[in-house]
Amino acid sequence: MTAPAPTVSPAPAAPRPGSADPRGGGPARLWRSVRVPLLLFTVFVVVVVLLSLGAERFPEGYLEPESVSPDGTRALVRLLEEDGEVEIARSSSDAADAVSDAGDDVVLLVSLDHRLLPEEVERLADLDVDTVLVQPSLTTLSAFAPGVDVTGRIDEGAALVPSCDLPGAAAAGEAGVGGELYTAAGDADAMGCYPSATGDALLRVTGDGATTTVLGTGHPLTNGALAGHGNAALALNLLAADEVVWLRPDTPQVGGGSSLWELLPSGVRWSVVPLVATLGLLAVWRGRRMGALVPEALPVVVRAAETTEGRAGLYQSHRARDRAADALRRGFRERAAPKLGLDPDASPEAVVAAVAARTGDDAVRLRGVIYGDRPDPFTADDRSLVRLADELDERTRKLR
Amino acid sequence: MAVTGRAVVVAVLAVVAVAISGVMGAWVTAIALGALVALLAADVALAASPRAMRLSREGDTTLRLGDSATVHLVLANPTRRTLRGWVRDAWPPSANAAPRTAPVRVDTGERRRLTTTLTPTRRGDARAAGVTVRSIGPMGLAGRQRTLSAEWTVRTLPPFHSRRHLPGKLSRLRELEGQHTAMVRGQGSEFDSLRDYVPGDDVRSIDWRATARGDGVVVRTWRPERDRRILIVLDTGRTSAGRVGDTPRLDHSMDAALLLAALAGKAGDRVDFLAYDRRIRAQVRSSGKGSQVARIVEAMAPLEAELLESDPAGMVSTVLGTQGKARRLVVLLTDLNATALEEGLLPKLGALTSRHLVMVAAVTDPAVGAMAAERGGADALYRAAAAERTLSGRRRVTAELRRMGVEVVDADPEHIAPALADAYINLKAQGRL
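Chains as they are written, first to last, in the numbering used here: chain X, 541 to 940; chain S, 54 to 486.
So here's chain X without its partners, still in its complex pose (with noise of 0.2 Å):
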C-alpha cells in the first residue's frame, strides 16, 4: 500500500462488504440470520401440535351415529356393527345409493327426517326396502305409511309394554318408547306395539313386501337410555339385518349455488387480468432503483473513556471498595504532592506531615485517610467509601 516515495497518499482500502466482517460470512452468516426465525416457527408448530392434542372432536347432535354424547347413538351402532354393517348416510341419495348396493337383508333407519325435502321424501319411499321411521314428519309419515296417523303423545321415553305378538317387542319387554303415539286406519295391515292411551308407540305397517315400523320417538336408541328398560333388546331386534342403513341427513344447504363473484358482471370479473397488470406496473415504477446502492467502508469509533468507563463497571460490580478507595487516594497525593512542593517519590510520613502542617489535622487520622490503615474502615461498605471521598475532597479544599 505505501511506497517509500517523497509524498505517500496511500489509497484507500476499499474492503468489500462482508469481506471485513470478522465474524465469519457465507454459511455462518446465513445461518445466523435464518435462526431466529426458525426458531420462533418451530415452537409455533410445536404449540399448535400440543394444543391440539387430546382436542379430537366427535360430532355432537341428537341420534347422531357418531356421537358419544347422552342423545348421541354410538353405542347402538357398535353393537350393530358386531353382528352386521352400518352404513352412514348424510343425505337421501347417500342413503338410496347405500340401499341399493347393499343385499337383501337390509333395514333403512331414517331420523330427521324434517330436513329432507319432499321429493326426496317420496323417493325413499319408492324404495322396496324394510324401514324404521324414527318419531317422522306427518309427510313422511304418510308417504311411507299411508293411513297412520299422529293421535297422540305421551311422556318422552316413558316406559311401556309391549302387549302385541311382533316378535322383537315382544322379546324385549318392557321398552322407554313413550313419545308420540300412531293409530292406523281400519284397512292397512298394521301391527301395534307398546300401546297408551290413545294410540300405539310403535306400529308396523306391512306395504307389497316391505314393512314400515313407525317408532314414536328417539329415545331408546341413544346412548343414555340404551342401557334402561329393554331398550337395548327393542333396537337390536328392529335393526336386526346384515346391513343398516343409518340415515341421519345434514342440514339441507341455504340459497342457490352462485356466489357473489358470479353475480358480479362479467366485465368487471375480467378487470382482475388488467388490475394485476397495474399492480405490477405499479411495483415495478416505485420500486425500480436507479442504480446499485453504494457501500462505504466505515471505520470503526470507539469513545476513548470506554476502558475507564469499563472499569468503573468492574469495580462497581464487584463492589471493589479496596481498589476504589486506593484509586481515589492516590490521585488525592498525586494531585497534593506538587502543591506541596514534594517529590513524586516522597515517603508516605512526608506526605502525611506536609498535609498535616497545612490542614491542621492530626497526623495519625490523616495517615488513615490518606493512605488507609489495616483493616480500612473506609472500605467496610459503600457509605463508607463515600465518607472516605467525602474527607478526600475536604483536604483538597483546604489545600487550594
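Don't take each hint at face value.
[Said to hold, decoys possible] Result set (SDA-like, lysine to any residue): computed pairs, CA atoms no more than 20 Å apart in a straight line:
no. : chain 1 : residue 1 : chain 2 : residue 2
1   : X       : K879      : S       : K319
2   : S       : K319      : S       : D475
3   : X       : K938      : S       : R428
4   : X       : K879      : X       : T899
5   : X       : K879      : S       : A426
6   : S       : K401      : S       : R291
[Unchecked claim] Listing some non-contacts, in silico: residues in chain S with all C-beta distances to chain X over 10 Å:
no. : residue
7   : L86
8   : L116
9   : V127
10  : A143
11  : P145
12  : T170
13  : G221
14  : S258
15  : A265
16  : T274
17  : D388
18  : R436
19  : S445
20  : V459
21  : E467
The set of hints was computed from the structure by calculation and includes no laboratory data. The beta carbon of each residue, even a glycine, is placed where N, CA and C say it ideally should be.
Given the structure of chain X, go ahead and fit chain S onto it with the hints provided.
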C-alpha cells in the same frame, strides 16, 4: 427496463375499460393488455440507448472537511434520438451528494452539464460509484436504464481548525526571531550578518575585527537558528481510534500536527511527516525550502486509525533508519496510554533520545477528567476511582517520559494544537532544536 407513473395511469384506464365492457369482457381484456404491452414495448424500443451516452467529468478534486465541492458531469448524446429521463450521479453516502437524481433532456448530438454538490462528512477519498442513466421513450411510458462508469475521486482534506491559532503563534515566533535584529548572541541563535552600527545597538555586539577592516563601526546580528529538521510522527494505531468528544483522537492529532508544520515551515525549519502503526501509512519528506503543509495535508487525508497495536520498535527503527543521521526534533503524536506505552514505547525510546530530541504530544479526554470529579453515591465513586486510575497511569507515564528527557505535551482537544506550537516555540527560544 423501467416504467413511469404514466404507464400505471394507462394501465388503470385499461382496467376501467375492461370493467365497463360487459359481456365483451374477454375480448376487451385481450385487446387492452395487448395494447398496453405494445405501447410499453414501443416506448422501450424508441428510447435513446443509455449505453451509448458518453460521460466525462470536471470539477473539484479536493476540499476541506466542512466545505462543499462541485463536480460536473458532462453527458454527450451521440445517438440519433433525443435522450429524456433521469440521471443519478452516485457517490458514497458520507459524501452527501445532491441532487440525488436530476431530470435530463439531451437532444441529438448535444451535451449537457449536470452539477453535483458534495458535502462530505468524512475525511478521505470519495470515489464516484457510477452514473445511472434512465432513458424514457417518446410517449413517457417506459424506458431503459443503464449504470455507466465515470471515474472521479474527490479527496476531503483534514479541516485544519487550528489555523486560527497560526497568526498568534507566528507573531510570537517573529518576536523571537527578532525584528530587534541586534539580539545578543546566545544559545538558539546563530550568526546572521554584519551591518553598520546605529545608535542604540548593544556595544557588545560590535565586531571589532570587521570594524578595523572598514570605515565605520560594524555590528554582528544574530538570529534564531534556522533549517532545523522536524519529524512529525503520527501514531495511527488503535489508541488513535478512540473518540474524544465527537472526533477521533487521530483527527485532533492531525490538527495539532498541521499547526506545528505550518509554524515550523514559516520559521524556516524543515518538516517531515510520517504516519505509522505497524508499517508506514503515509510519509512526506521535505525537499528543500518551502512549506510542506499542503503535501502533509494531502498525505493525511485518507488516513484512518487501524485497529492494531502500534509497533514502537518498528517506528523507532524507521525513524532512525530512513530519515537521515542529523539530529532532529521528533514529535510523536500518540496517546499517553499507560499500558501501551510502558510495554511498547518506553523500552525502545532510549535509542531515539540518544540521537534526537523527542517530544510526545497526546490529547487528554475531558470526559475522564469529568468522571474523576463525579461525586454523590457509591456508583459515582466507582466511576471516579476508575477515572483516577486512568489519570494516575497517565501521570506515571508522563513522569517516566520526562525522566528520559522527553518533552511531553498533554492537553485537551481544544488546546492540544496551541500547546504543541508553544512547546515548539519554547524549544526554539531555548535553542534546543
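Consistency of the hints with the structure:
With a C-alpha separation of about 38 Å, the suggested pair X/K879 and S/K319 falls outside the 20 Å cut-off, and the hint is violated. Under the criterion of a C-alpha separation no larger than 20 Å, the hint pairing S/K319 with S/D475 is consistent with the structure, at around 14 Å. Between X/K938 and S/R428 the CA atoms are separated by roughly 18 Å; this keeps the pair inside 20 Å, and the hint holds. Only pairs whose Cα atoms come within 20 Å are accepted, and X/K879 paired with X/T899 is accepted, the gap being roughly 13 Å.
Distance check on the hinted pair: X/K879 and S/A426 sit about 18 Å apart at the alpha-carbon level, within 20 Å; holds. Note on S/K401 and S/R291: the hinted pairing holds, with a Cα-Cα distance of about 19 Å set against a maximum of 20 Å. A Cβ of chain X approaches the Cβ of S/L86 within 10 Å, the least distance being about 6 Å, so the stated non-interface status is violated. For S/L116, the shortest C-beta to C-beta distance to chain X comes to about 15 Å, beyond the 10 Å cut-off, and the non-interface label holds.
No beta-carbon of chain X is positioned within 10 Å of the beta-carbon of S/V127; the least distance is around 19 Å. A Cβ of chain X approaches the Cβ of S/A143 within 10 Å, the least distance being about 5 Å, so the stated non-interface status is violated. Distance to chain X contradicts S/P145 as a non-interface residue, since its nearest Cβ pair spans about 4 Å, not more than 10 Å. At roughly 17 Å, the least C-beta separation between S/T170 and chain X is larger than 10 Å, which holds for a residue marked as non-interface.
Every Cβ of chain X is farther than 10 Å from the Cβ of S/G221; the closest lies at roughly 28 Å, confirming the non-interface assignment. No Cβ of chain X approaches the Cβ of S/S258 within 10 Å, the least distance being about 40 Å, so the stated non-interface status holds. Every CB of chain X lies more than 10 Å from the CB of S/A265, the least distance being 48 Å, so the non-interface label holds. Distance check on S/T274: its Cβ is at least 35 Å (rounded) from any Cβ of chain X, clearing the 10 Å threshold; non-interface status holds.
Distance check for S/D388 against chain X: the nearest CB is about 8 Å away, which does not clear 10 Å, and the non-interface claim fails. With a least CB separation of 4 Å from chain X, S/R436 falls inside the 10 Å interface cut-off, contrary to its annotation. The Cβ of S/S445 does not lie farther than 10 Å from every Cβ of chain X; its closest approach is about 5 Å, which violates its non-interface assignment. Against the 10 Å criterion, S/V459 stays outside the reach of chain X, whose nearest CB is about 16 Å from its own CB.
Against the 10 Å criterion, S/E467 stays outside the reach of chain X, whose nearest CB is about 15 Å from its own CB.
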